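Trainee: For reference, the chains in residue letters:
Number of protein chains: 2
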Amino acid sequence: MSTSAAAPVREAGLPAAAERPDDRERLLGIGAAAARSGVSERALRYYQQLGLITPSGRTPGGLRRYSQEDLARVARIRELQTLLGLNLDEIATVLRNEDRLAQIKLAYHQERTSDADRRELLREGLALQQGLRATVEAKRSAIEGFLADLDSRIARTRSLL
Amino acid sequence: MSTSAAAPVREAGLPAAAERPDDRERLLGIGAAAARSGVSERALRYYQQLGLITPSGRTPGGLRRYSQEDLARVARIRELQTLLGLNLDEIATVLRNEDRLAQIKLAYHQERTSDADRRELLREGLALQQGLRATVEAKRSAIEGFLADLDSRIARTRSLL
DNA sequence: GCAAAGCATGACGTTAACGTTAGGGTTAGC
DNA sequence: GCTAACCCTAACGTTAACGTCATGCTTTGC
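Quick note, the sequences are listed as chains A and B, same order.
For the first sequence, position 145 matches number 145 in our numbering, and the numbering has no gaps at all.
Offset between the second sequence (1-based) and our numbering: plus 161.
Keep in mind the hints are simulated off the structure, nothing from the lab.
As the structure is a prediction and not an experimental result, all values here were calculated from the model.
Treat the hints with care, since some could be wrong.
Claimed, not checked - Listing some non-contacts, in silico: residues in chain A with all C-beta distances to chain B over 10 angstroms:
| # | residue |
| --- | --- |
| 1 | L27 |
| 2 | L28 |
| 3 | G31 |
| 4 | V39 |
| 5 | S40 |
| 6 | G51 |
| 7 | G57 |
| 8 | L71 |
| 9 | E90 |
| 10 | R96 |
| 11 | D99 |
| 12 | R100 |
| 13 | L106 |
| 14 | E111 |
| 15 | R112 |
| 16 | A116 |
Unchecked claim - To spell it out: a stretch of chain A is covered by chain B in this simulated footprint if at least three of its residues, at any positions, have a beta carbon under 8 angstroms from a beta carbon of chain B; those stretches are:
| # | stretch |
| --- | --- |
| 17 | 72-84 |
| 18 | 135-149 |
Said to hold, decoys possible - Here are the in silico distance ranges between beta carbons for each label pair:
| # | chain 1 | residue 1 | chain 2 | residue 2 | range |
| --- | --- | --- | --- | --- | --- |
| 19 | B | A233 | A | D151 | 14 to 24 angstroms |
| 20 | A | R158 | B | T296 | 15 to 25 angstroms |
| 21 | A | D99 | B | T296 | 30 to 40 angstroms |
| 22 | A | A155 | B | T296 | 13 to 23 angstroms |
| 23 | A | R156 | B | G306 | 25 to 35 angstroms |
| 24 | A | G57 | B | G212 | 47 to 57 angstroms |
| 25 | A | L106 | B | Q229 | 54 to 64 angstroms |
| 26 | A | A127 | B | Q209 | 42 to 52 angstroms |
| 27 | A | P60 | B | G246 | 38 to 48 angstroms |
| 28 | B | A268 | A | R76 | 46 to 56 angstroms |
No residue lacks a Cβ here, since even glycine has one placed at the ideal position from N, Cα and C.
Whenever a hint applies, use it, and build me the whole structure from the sequences.
Mentor: Okay, structure coming up:
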């Protein structure tokens, strides 16, 4: 990590193996991107300001252009927000982890990576994933308990009938 | 419903069938109540201001006194907040529903309630409970999906090993 | 009966996550 | 090449859910 202080969380973009302009390569402006992802333009700019996303392009004049992966990333942010109740700071951490994981997979597949290094990389990646998994699992079991409680109450009400 | 406009959400307190001073009837001051429920004194006052709770007693001088049920109610609020991500407004609705359900159960057990009325009451209560259940269930299945996705990713990482 | 601890009621402050102008540049279609 | 639609940055506004005083009354233990 040798970038500047305000380095944003960047998605580890694949180096575009082969250019495929047919595969819906159309980039969206912020308006369309906002409409499709269901958040406001302001939210998109705000996420960017926090380093959560970076539109994969800009026009020569400086207008943001969003790719499909960008939109997927926004969807992920919303998911982490509404489902897990994470705040944007925590989400930044999660995304950083996931980006790191992608990096790891890239490094893993490089010829010049030694076998020992590969094992090491995988271990690190696995640890990252399992960290998030633990968080989610905790939430799930809590909700399950909540639901069980609710169901038993419903059963009691029902038994009166 | 004939109470004043700012009527708070009140728990439908049982009429204290028999006074039992031995059964930990000690009421807590706001400081102790806050400590035990894990929220701040300010939060307790704020919840009251929003009509979510009403301390079951006040000293002659006006100090709040919280009962065990009050604390349970606070715990419920926190649960709805952190687990389901509801805001205090939505929580007010849920609590109102639950209080209504308690009322219904009381009415149900009254001799002077007709059988037809009882069925009607039960139906209403059941509907209220199932409303919340649906919300929670939706959340659960969403989280389950999230978790499944995570697990498949983990499996993929693992398969590299 | 008195000091220390506890509490009440305002009222202003704070933080996260955006919303909303204001005052301009940029781009796309004709 | 021009206009309508789109977008930029900067900056102030908003809302929920409290935090934090300030000022003064209450309660409790000795």
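Trainee: Are any of the numbered hints broken by this structure? If so, which, sorted upward?
Mentor: The structure conflicts with no hint, since it agrees with every one listed earlier.
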